[in-house]
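Quick note: the sequence shown uses UniProt numbering, first residue 1, plus one each step.
Think of the hints as simulated: they come from the structure by calculation, not from any bench.
Predicted model only: the values in this text are computed from it and were never measured.
Treat each hint with caution, since some may be false.
[What the hints assert, rightly or not] With a cut-off of at most 20 Å between alpha-carbon atoms, the simulated SDA-like pairs for lysine to any residue come out as follows: (1) Lys396 / Asp414; (2) Lys534 / Ala518; (3) Lys352 / Lys534; (4) Lys140 / Pro180; (5) Lys553 / Glu489; (6) Lys353 / Ile526; (7) Lys433 / Tyr455; (8) Lys530 / Pro292; (9) Lys352 / Pro292; (10) Lys530 / Val268; (11) Lys553 / Lys396.
[Stated by the list, open to error] Listed next, with one range per pair, are the computed distances between beta-carbon atoms: (12) Trp399 / Gly61: 26 to 34 Å; (13) Arg592 / Pro549: 24 to 32 Å; (14) Ala331 / Phe297: 16 to 24 Å.
From the three backbone atoms N, C-alpha and C, an ideal C-beta is built for every residue, glycine too.
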Amino acid sequence: MTEAVRHSIGRIPVVGVGPVVEHRERPAKSVTGEEFDVTATVFREGHDAVNATVVLTDPDGNEHPVAMTRVNAGLDAWVATVSADRPGAWSYRVEGWSDPYGTWFHDAVIKVGAGVDVDLMLEEGARLFERAVAEAPRGKEQTEVLTGAIDGLRNTGLPPEARLSAGVSAEVRAEMGARPLRDFVSASPEHPWLVERERALYGAWYEIFPRSEGAWYDENAGRWHSGTLATAAERLDAVAAMGFDVVYLTPIHPIGRVNRKGRNNSLVAEPADPGSPYAIGSADGGHDAIHPDLGTFDDFDAFVGHARGLGLEVALDLALNCAPDHPWVAAHPEWFITRADGSIAYAENPPKKYQDIYPLNFDIDPEGLYAEILRIVRVWLDHGVTIFRVDNPHTKPLWLWERLIADVAADHPDVVWLAEAFTRPPMMHTLAKVGFQQSYTYYAWRHTKHELTEYCAELAGPAAAYMRPNFWPTTHDILTPFMQRGGPEAWKMRAALSATLTPSYGIYAGYELMEHVARPGAEEQIDNEKYEYKNRRWAELDEGATLTPYLRKLNEIRRAHPALHWLRNLRFHHADDDNVLVFSKLRRVYDRDDVIVVVANLEPDHTRDTWIHLNLPDLGLGWDSGFVAHDLVTGEHWNWGQHNFVRLGPATEPVHIIHVVSDAPVSP
Numbered sequence: 001m002t003e004a005v006r007h008s009i010g011r012i013p014v015v016g017v018g019p020v021v022e023h024r025e026r027p028a029k030s031v032t033g034e035e036f037d038v039t040a041t042v043f044r045e046g047h048d049a050v051n052a053t054v055v056l057t058d059p060d061g062n063e064h065p066v067a068m069t070r071v072n073a074g075l076d077a078w079v080a081t082v083s084a085d086r087p088g089a090w091s092y093r094v095e096g097w098s099d100p101y102g103t104w105f106h107d108a109v110i111k112v113g114a115g116v117d118v119d120l121m122l123e124e125g126a127r128l129f130e131r132a133v134a135e136a137p138r139g140k141e142q143t144e145v146l147t148g149a150i151d152g153l154r155n156t157g158l159p160p161e162a163r164l165s166a167g168v169s170a171e172v173r174a175e176m177g178a179r180p181l182r183d184f185v186s187a188s189p190e191h192p193w194l195v196e197r198e199r200a201l202y203g204a205w206y207e208i209f210p211r212s213e214g215a216w217y218d219e220n221a222g223r224w225h226s227g228t229l230a231t232a233a234e235r236l237d238a239v240a241a242m243g244f245d246v247v248y249l250t251p252i253h254p255i256g257r258v259n260r261k262g263r264n265n266s267l268v269a270e271p272a273d274p275g276s277p278y279a280i281g282s283a284d285g286g287h288d289a290i291h292p293d294l295g296t297f298d299d300f301d302a303f304v305g306h307a308r309g310l311g312l313e314v315a316l317d318l319a320l321n322c323a324p325d326h327p328w329v330a331a332h333p334e335w336f337i338t339r340a341d342g343s344i345a346y347a348e349n350p351p352k353k354y355q356d357i358y359p360l361n362f363d364i365d366p367e368g369l370y371a372e373i374l375r376i377v378r379v380w381l382d383h384g385v386t387i388f389r390v391d392n393p394h395t396k397p398l399w400l401w402e403r404l405i406a407d408v409a410a411d412h413p414d415v416v417w418l419a420e421a422f423t424r425p426p427m428m429h430t431l432a433k434v435g436f437q438q439s440y441t442y443y444a445w446r447h448t449k450h451e452l453t454e455y456c457a458e459l460a461g462p463a464a465a466y467m468r469p470n471f472w473p474t475t476h477d478i479l480t481p482f483m484q485r486g487g488p489e490a491w492k493m494r495a496a497l498s499a500t501l502t503p504s505y506g507i508y509a510g511y512e513l514m515e516h517v518a519r520p521g522a523e524e525q526i527d528n529e530k531y532e533y534k535n536r537r538w539a540e541l542d543e544g545a546t547l548t549p550y551l552r553k554l555n556e557i558r559r560a561h562p563a564l565h566w567l568r569n570l571r572f573h574h575a576d577d578d579n580v581l582v583f584s585k586l587r588r589v590y591d592r593d594d595v596i597v598v599v600a601n602l603e604p605d606h607t608r609d610t611w612i613h614l615n616l617p618d619l620g621l622g623w624d625s626g627f628v629a630h631d632l633v634t635g636e637h638w639n640w641g642q643h644n645f646v647r648l649g650p651a652t653e654p655v656h657i658i659h660v661v662s663d664a665p666v667s668p
């Protein structure tokens, strides 16, 4: 007996469904309400009409069909814009189907118009609508639309054109589009889709070293006194007042004394030097303990409670580094790398050496080490931490993060993980695919228009299905040459681009003061806060002499304009000057569009006069439209259209953040 042929493709071929991540082994990602396009190639043999539907399956198993639109007939390309109304594990598939009404419509218009097979075509239409009435549930008015078409098609007292019009009217087309006849339905495989809360995509972060907040220098004793969690909590009101959403704490654990680093990463520490908080562990405890100088868990709980009361989430640094005197070193030497001479290897990234840190070894007792890491994460979850900024995740095995993030999500699905992975693109992308919601990026080193356009187009393009960037103009480890020499306008410009190019961005404390002096030979600040206390004397500062008002304004703009909460809506426009960057974001909110246009002088110490040329359809406008351009930074208004003259320089703001208000001109 001949074995039946196995068909590997449906009767109506559906191929090239996207977005797809790792051949459907990993989910595509979005957040609640975030729109993205599902695309597919759908076609069939012959000339009969085909159509396509994307079917969304929610976490409860309910299906939600969305009609697709053919956007390129020659390439059989179809698209539908979709979104999810709640978090959870969703999926989507594309169904291709033969469209009998579409086939009849096409043939009937041609044949009746040519006087060929007129009565036959009209009768076939009537029978088609009879089938549609019988097969699809419809309300009374909906049914009457089709029965009226049947009567009209069979009314031999009317001319053929009038009879045909009964079957091709706008009302009939709308009804057949809403409840179509679908033959030979062929489905693609299910594509996994993870929907997360908004903070996984959107948020403004503010980083602090808790020990510096409230630290003070005792002139008489010649030594510093550490700030505490209680004094750090006093800084939260100012952070919230600037409009930030997340306060990120560098490690708050006990710091090792063996091989402790001194100021500016020197090998010899003075007795009062606090050491790097990334060299974790001492006789006072490890990753599940709080440095005695900072306070107790009651103090930490009070910090978290105060932050929540101000609308701030607390992110904690998860740095899987161990000082030589970390409790794990004595209790579990198998968790570390032992060299040929019997000593434990310290961390190195040649030419950099970290003598105060022992890296972990995941190859000897992976289960025991994993259980301990999961335990310490749960300690901080129990004390209100909702976000983890993971230090150097690319130096740990990927299975660790895949498993850890999944295990935590089983009980805490709202937890957000940020990967601090300044490393090769394949590793950064794979960290995102295995679970990290956000990632640091190369933004700090992207300065020219070409660099920014190319890089951001990549991030907002296919990579946005799984990787969400978080832009930081500086960090406690990064102070690029541009920031060292750029001056106040450069610091404003880079903050504005961070806050508008991507939905999530971060500011390291001291950015307001433009701390820009580098350690010789390094792209980091001299007197690095990693190795010492910093008393920035916030209470004594004249706010007007800092960037505090500017950061507040940026965050006010971000909160007021939902277009800035998304990534995939980023569109670039042309400027005649290669030192001027222009981009826009559009988002429909209920029945209106929120549209932002950003124009930035990338060399703000020089005045740039140039023409910019807007792709108005990307702003939701027609090519001939005019609109009111409201600069949200300065409050100025201008009449703009497709081509506009701009001047940006030291005498003006370095960046226009324009709200497209309307198509009505400003009164002279």
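Checked hints:
1. Lys396 / Asp414: violated (23 Å)
2. Lys534 / Ala518: holds (16 Å)
3. Lys352 / Lys534: Violated, at roughly 24 Å.
4. Lys140 / Pro180: It holds: about 17 Å lies between the C-alpha atoms, which stays within 20 Å.
5. Lys553 / Glu489: Holds: Lys553 and Glu489 sit about 15 Å apart, inside 20 Å.
6. Lys353 / Ile526: holds (18 Å)
7. Lys433 / Tyr455: Judged against 20 Å, a Cα distance of about 19 Å means the pair holds.
8. Lys530 / Pro292: With a Cα-Cα distance of about 18 Å, the restraint between Lys530 and Pro292 holds, given a limit of 20 Å.
9. Lys352 / Pro292: Measuring from Cα to Cα gives roughly 30 Å; hence the hint is violated.
10. Lys530 / Val268: holds (15 Å)
11. Lys553 / Lys396: Violated: Lys553 and Lys396 sit about 39 Å apart, past 20 Å.
12. Trp399 / Gly61: 26 to 34 Å: Hint holds: Cβ distance 30 Å, inside 26 to 34 Å.
13. Arg592 / Pro549: 24 to 32 Å: About 29 Å separates the Cβ atoms of Arg592 and Pro549, which means 24 to 32 Å holds.
14. Ala331 / Phe297: 16 to 24 Å: holds (22 Å)
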